[in-house]
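Peer 1: Just so you know, the protein sequences line up as chains L and G, in that order.
Mapping of the first sequence onto this note's numbering: residues 1 to 176, in sequence order.
Mapping of the second sequence onto this note's numbering: residues 177 to 330, in sequence order.
Watch out, some of these pointers could steer you wrong.
As the list claims (entries may be wrong) - In silico EDC-like cross-links for lysine to aspartate or glutamate, where the CA-CA straight-line distance does not exceed 20 Å:
#1 Lys-103(L) x Asp-238(G)
#2 Lys-38(L) x Asp-266(G)
#3 Lys-101(L) x Asp-245(G)
#4 Lys-101(L) x Asp-238(G)
#5 Lys-241(G) x Asp-126(L)
#6 Lys-38(L) x Asp-258(G)
#7 Lys-103(L) x Glu-234(G)
#8 Lys-241(G) x Asp-132(L)
#9 Lys-101(L) x Glu-234(G)
#10 Lys-153(L) x Asp-266(G)
Claimed, not checked - Sample of chain L residues facing chain G (criterion: CB under 10 Å; computed from the structure):
#11 Pro-28
#12 Val-31
#13 Ser-33
#14 Leu-35
#15 Lys-38
#16 Lys-101
#17 Gly-127
#18 Gly-130
#19 Ile-131
#20 Gly-137
To be verified - To give an idea of the chain G side of the interface with chain L (calculated C-beta under 7 Å), a few residues:
#21 Leu-221
#22 Val-222
#23 Leu-235
#24 Asp-238
#25 Arg-263
#26 Tyr-264
#27 Gly-265
#28 Phe-267
Hints are computed from structural coordinates only; laboratory data are not their basis.
Keep in mind that this is a model prediction, so the values were computed, not measured.
The beta-carbon is built from N, C-alpha and C at its ideal position, and this holds for glycine as well.
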Amino acid sequence: MKRWQFLAPLALFAVLLGFLAVGLNLNPREVPSPLIGKPAPAFELTRLDDPALKITHADLKGQVWILNVWASWCVACRQEHPLLVDFAKRSTVPLYGLNYKDKRNDGLAWLARFGNPYKASLFDIDGRVGIDFGVYGVPETFVIDKQGVIRFKQIGPVTPEVLRDQIEPLLKQLNA
Amino acid sequence: MPKFLLALLALCLVAAVHAADAPLTSAEPELEKKMLRISAELRCLVCQNQTIADSNAELAVDLRKQVLDMLRSGQSEQQIIDYMTARYGDFVLYRPPVKGATFLLWFGPIVLMVGGLATLVLVLRRRSRLGNEHFDADEAEDITTAARPAEPTR
Chain L
1 MKRWQFLAPL ALFAVLLGFL AVGLNLNPRE VPSPLIGKPA PAFELTRLDD PALKITHADL
61 KGQVWILNVW ASWCVACRQE HPLLVDFAKR STVPLYGLNY KDKRNDGLAW LARFGNPYKA
121 SLFDIDGRVG IDFGVYGVPE TFVIDKQGVI RFKQIGPVTP EVLRDQIEPL LKQLNA
Chain G
177 MPKFLLALLA LCLVAAVHAA DAPLTSAEPE LEKKMLRISA ELRCLVCQNQ TIADSNAELA
237 VDLRKQVLDM LRSGQSEQQI IDYMTARYGD FVLYRPPVKG ATFLLWFGPI VLMVGGLATL
297 VLVLRRRSRL GNEHFDADEA EDITTAARPA EPTR
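When you get a sec, could you build the whole thing from the sequences and use the hints?
Peer 2: And the structure:
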């Protein structure tokens, strides 16, 4: 026993190294959302393309749908946008946009330029609905089930891997 | 280098000028003071090492506004904290609640300190029981020995 005592500091160091390795590989920007598994917050917003038309959370109940938070000033949104446009073409799951703290004309021009994958975009000018959804880094993407419960949240741009390995299997499962 | 420092200073000044814009209204100094106190407990998620009170990120400005609005409508500090944690999780709190997952965070330092002190006491007590032959003799406090270069080892 005594003979191996000199290894104790080394073992301690190994444990410390393990902790540091895990710490380095965590992404501090990905804050686990407390909203997963909770009902999506209530909202009532006008459509981006028509200030006279309102969409509320109740209108979207009973179906699986995706909410993508975007803005024309958001550079990372441009990165994920082609993926969403492509997704909207081949999927039947409705994709709604939340146009976050944007100007109506800027948002519409952005969609005209880069393509519009959204069934409709909700116009959240002061970001209140964004706060209710716990949005802090645009783009963010939520998957909401038929009961209106948030099942998945992606912070930052959706990548092809996330779409293929996480979102699409989840949609299939929820729609089964 | 001086140019770089100057640029840095200029940036600081810009930040300071912006910081002066932070208060929203001065018509309600009491509420505002309370708002700033609550915001100082909340982490800004955009710039994670700042509080909502300190940050000028847009989200922080919005959240300060939200806190002020909630105070105006007569909500308590606890209600506001609950509102924030319901949306952003315990992560927004600079003082996370004591529970299973945060146990190590809260008591880790104390455990480390007690462990370190215990080790120190154990080592000292063991050494105090050892005989003189376990220790090197004190070196003579002679200035000539100290000043003399070390003898070559044989």
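Peer 1: Can the hint on Leu-35(L) be confirmed by a CB-to-CB distance to chain G that is less than 10 Å?
Peer 2: OK, holds: Leu-35(L) within 10 Å of chain G, min 7 Å.
Peer 1: Under 10 Å, Cβ to Cβ, is where Ile-131(L) needs to be relative to chain G, so tell me if that hint holds or is violated.
Peer 2: Since the shortest Cβ distance to chain G is 6 Å, the answer is holds.
Peer 1: Taken at face value, is the distance from the CA of Asp-266(G) to the CA of Lys-38(L) at most 20 Å?
Peer 2: holds, 16 Å
Peer 1: Does Asp-126(L) sit within 20 Å of Lys-241(G), going by the straight-line distance between their CA atoms?
Peer 2: holds, 11 Å
Peer 1: Within 20 Å, alpha carbon to alpha carbon, are Lys-101(L) and Asp-238(G)?
Peer 2: Distance ~11 Å between Lys-101(L) and Asp-238(G) Cα, so the pair holds.
Peer 1: Does the closest beta carbon of chain L sit nearer than 7 Å to the beta carbon of Gly-265(G)?
Peer 2: holds, 4 Å
Peer 1: Hold the hint about Tyr-264(G) up to the distance rule: shortest CB distance to chain L must be less than 7 Å.
Peer 2: holds, 5 Å
Peer 1: Hint check: Lys-101(L) vs Glu-234(G), CA-CA at most 20 Å. Holds or violated?
Peer 2: At roughly 10 Å apart (the allowed maximum being 20 Å), Glu-234(G) and Lys-101(L) satisfy the hint.
Peer 1: Keeping to a limit of 20 Å between CA atoms, is the pair of Lys-103(L) and Asp-238(G) held or broken?
Peer 2: holds, 17 Å
Peer 1: Let's test the interface hint: is any C-beta of chain L closer than 7 Å to that of Leu-235(G)?
Peer 2: holds, 6 Å
Peer 1: Verify the interface restraint on Lys-101(L): the C-beta must sit less than 10 Å from at least one C-beta of chain G.
Peer 2: Holds - the Cβ of Lys-101(L) comes within 10 Å of chain G, reaching about 7 Å at its closest.
Peer 1: Taking 20 Å as the top limit, are the C-alpha atoms of Lys-38(L) and Asp-258(G) close enough?
Peer 2: OK: Lys-38(L) and Asp-258(G) at ~15 Å, within 20 Å.
In terms of the numbered hints stated before, the structure departs from none.
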